[in-house]
Amino acid sequence: MAHLDGQSDPSGDTYYNLGSYHRDVSTNSLEAQTWFNRGLIWTYAFNHEEAAECFQKAITHDANCAMAFWGLAYTLGPNYNKPWQFFEQRELETTVQRTYQAVQSARNNTATATPVETMLIAALQHRYPHNQPSSDLSMRNVSYANAMSSVYRQFQNDLDVAALYADALMNLTPWELWDIKTGQPAANARTLEIKAVLDRALAQPGGLRHPGLLHLYIHLMEMSGAPETALTVADHLRGLVPDAGHLNHMPTHLDILCGDYRAAMASNLDAIRADERFVARAGPVNFYTLYRSHNYHFRIYAAMFAGRARVALDTAAELEASIPEELLRVESPPMADWLEGFLAMRVHVLIRFGRWQEILTLQLPQDATLYAVTTAMIHYAKGVALAATGAVEPAEDEQREFRKAAAAVPASRMLFNNRCVDILAVAGAMLDGELEYRRGEAETAFAHLRRAIELDDGLPYDEPWGWMQPTRHAYGALLLEQGRVEEAAAVYRADLGLDATLPRPLQHPNNGPPFVQLPPSHLTITIAMRLFAWIEHLWGIQVAWALSEPGAFAQRCRSFLAGHLANSQRPTVDFVAAGTNLTFYGTNTTCDHVAITLPTDLCRVALSVPTSTRSGVDVELWFPSNWTGRFLQTGNGGIDGCIRYEDLAYGVSNGFATAGSNNGHDGKTAAALYQNDEVTIDFAWRALRASVVVGKNLVESFYNKPHSKAYYMGCSLGGRQGIDAAARFPDDFDGILVGAPAVDFNNMTSWRASFFPITGRPGSPQFLTKAQWALVHREVLRQCDGIDGVEDGTISDPTLCQFQADRLRCVAGRVDGCLSTAQVETVRRVLGPLVDEDGQLIFPAMQPGSEIAAAEGLYSGTPWLYSTEWFKYVIYNPTWDPASFTVHDAYVADARNPGAIRTWPSDLSAFRRRGGKLILYHGQQDEKITSFNSQRFYDHLSVAMGLSSAAMDGFLRFFRVPGMGHCSGGPGAWCFGQMGGASAQGVPFERETNALAALVAWVEEDGPGPDTVLGRKFVDDRVDLGVEKERAHCRYPLRSMYAGGNASLAGSWRCM
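Using this note's numbering, the letters of the sequence shown correspond one by one to residues 159 to 1214.
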């Protein structure tokens, strides 16, 4: 039977993370079982060489394990991507001999095998009946499939048997399961039977966690007329087997077909990184390099369609580096025939983005025989580049060289399912058309381009498609240059799948507008304006993919008018059903991976909005089916360009149409801001503004009415963004919920940078270890925990704690549980404010009580990442040394105030006058931004606006949260619905217990704001274990004081 409860490694060696799927087999050796499990998963992941190694190791540990021999025989043989006819003769002879011997060994050891194992082994003998190749090996596949039919009839509930049977049927007609012109099952394929087997298996317990079933289902449905119906199934495969690169890659077969190019880039990057771990251990000289190359290939293709030139070129460079010449020279199997075609991908990218000068500097390979396809493609590219730049005669020379090079390409050279000579035929027609056009023979040129389109459409099905850039793009662009706008529109309409011209696999949804990648020189202003008008018309056509899920909302999503995506680029729209499990990767692998079960049906829209010629922002909008009329904008954190998907999920679960953005750059780094003031401005304020404007417009377009109220939610950097929005754009939000705001941003960044010079590196005299910071924390509690009336491990109001670090100094007779004089000075400076040379405050002190968590970050003896990135990429340059920080750097940073990011407003009157409400909270045990700064900001604003605390309460309420860390976590009652994820789990959307709900009630009921917000702490921070404590958090300037009774109950505390 198959199990899902994890794998063990009795040898204790560090192996790849292959997830939890495994199958018990008949063996008394734990080692053999472990290696069998690994071999099985690698087989499902199409890493057949590594699978064979694993099965061989299982045999080494138990030479009588029949299933280990079965696994070896099975994985060595043909598969969906490598049928018998793809084996080179010597390879074929060796494989047939090895598989025959392995299956005979399996048969000889069936005495202790289970009935299902015995039948699997007997069935596999039909695939390998002899030790020599026969003239028609396809008959072996038929015999094996028939035998597996008997196994399946007897063991239908065995998930592995179902996967193996489906695989046997698929290998009868690999890549020919569907008629791609009609979208119906191919006449000679058993497609519907395969689908019935897989559908039944996937519906069984554990089916959606079986890597083999999920892998095969994607291959089954990708060529169908409705590949989008398999997206939900495919999402279960993302991250299921973390170190199996090919399985991480597989869902992107559907992403590409459905126009989700961003998801395709992200998942293929995960696949690439997983395979980097594999190649670091196994090396690159193996057949699996074909699959590694496929990941790069796919990411390049997705980036080209998404208009991401830098991503495409960087990935092309990685692809080139991943294929060593040593591997290309392997003759059996002939690896050049399998791999060399990948090395021409850079050419496609450069042409796609009009990089003519870069093309003209490309060097030809020294060995034109080994690099035959690459040589031909470089000549093709140079011919196109020269023609496009008006150098017709040199282009003709390149055309002749191209034809000679193309004629020298072996017919055996492949790019997955396509012969390279067929791909080069498309190139030849394209080049002919380009040259004729530049000679002034437009009609002749168009005839060649129509021929190129015909050849392109006729290529065998493949993903990515054999010809990397749709031929209709060039044809449409040149039609436009001739002013033939309606013809061009028809060409683009077909390419986008907005009519029935092309079968489903040849359509490129969301690839538009296709002209956005063309160099400006290709279009006159007049033609460009006419094109924009036509494309707007095209995008206004309803796009319905006829997905299988019923419901008006789903249909509204699928037919959402993409023409409403004003000023956007590369829009994608997807309907996602409630209960779908998705893992979100953000805009970059440095972003946190967030796994979410979607709480409601939603329409997910993603788009890119240019903010200048050198900058832009990626925006996601989630439209829930249970919309309440409210709009919610979410913020970011750290120095991130990462969308907080848990916040989006929180918003839609409560009926908000919810938006998030990458804040103008990708990932947890400031590198994109270096020498680019436009990206810095986006980070400071403009990206949020763009997201809000676009989001509100699209909400109205989608729901056919405007939002009723607009809200904002964010913490840390997101807290700063919310306060900045209240000051800069007071009409944008009716209600703002912000926590631990990074206001006075420049000085806060300097304050964080100051800790590393204070603490020193580990081992320096003044440095404190984590254990020593724990000692400090215990002393802080000893001195200050009881100030609020009870000792409960938290300090309700750290402003009342006058901590005396000297009490920890080692003195005569005391050497344990104490600190050196240098370490005491470190504590004193760490818990003191940052001041300048004249003693003037730069930033307030860290509050006492946060020592345990801060020892992992600010006090850890390493430079604080976000401060280091800011000074290296925004204030100075990458050579800046964080150990050199002084208060002079703080002066420079605040004087420069990049992008006007400071955020220290003195007047929120406009926000107040229009009825805006703002809830501010800050954990009193925050280890990243001192809570004293929020109090300082409140007091500053109160004085500057001339308002008493009672008057401030009319539009701004500040809640101090005892025992809460940065935004969440800690020993205090920290769960009160302040943001998505754990903070909202177990917290009903009610004004008394949920900060966002309290804000909504304050805004919409026009009554007094909340006096308290009830927070909860769950046992071990697990909702299922119940509530450990509750506390009604008080609005400032009141503080929480113990009144008697059980300190874990909210009623035992008073606001005083």
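Just to be clear, a hint being listed does not mean it is correct.
With a Cα cut of at most 30 Å, we get these calculated DSBU-like pairs of lysine-lysine [as the list claims (entries may be wrong)]:
id : residue 1 : residue 2
1  : 353       : 215
2  : 339       : 353
3  : 353       : 240
4  : 867       : 854
5  : 826       : 854
These are computed hints drawn from the structure, not numbers from a lab.
Everything numeric in this text was worked out from a predicted model, so none of it was measured.
* To do: Go through the numbered hints given earlier and state which of them the structure violates, listing their numbers in rising order.
  => 1
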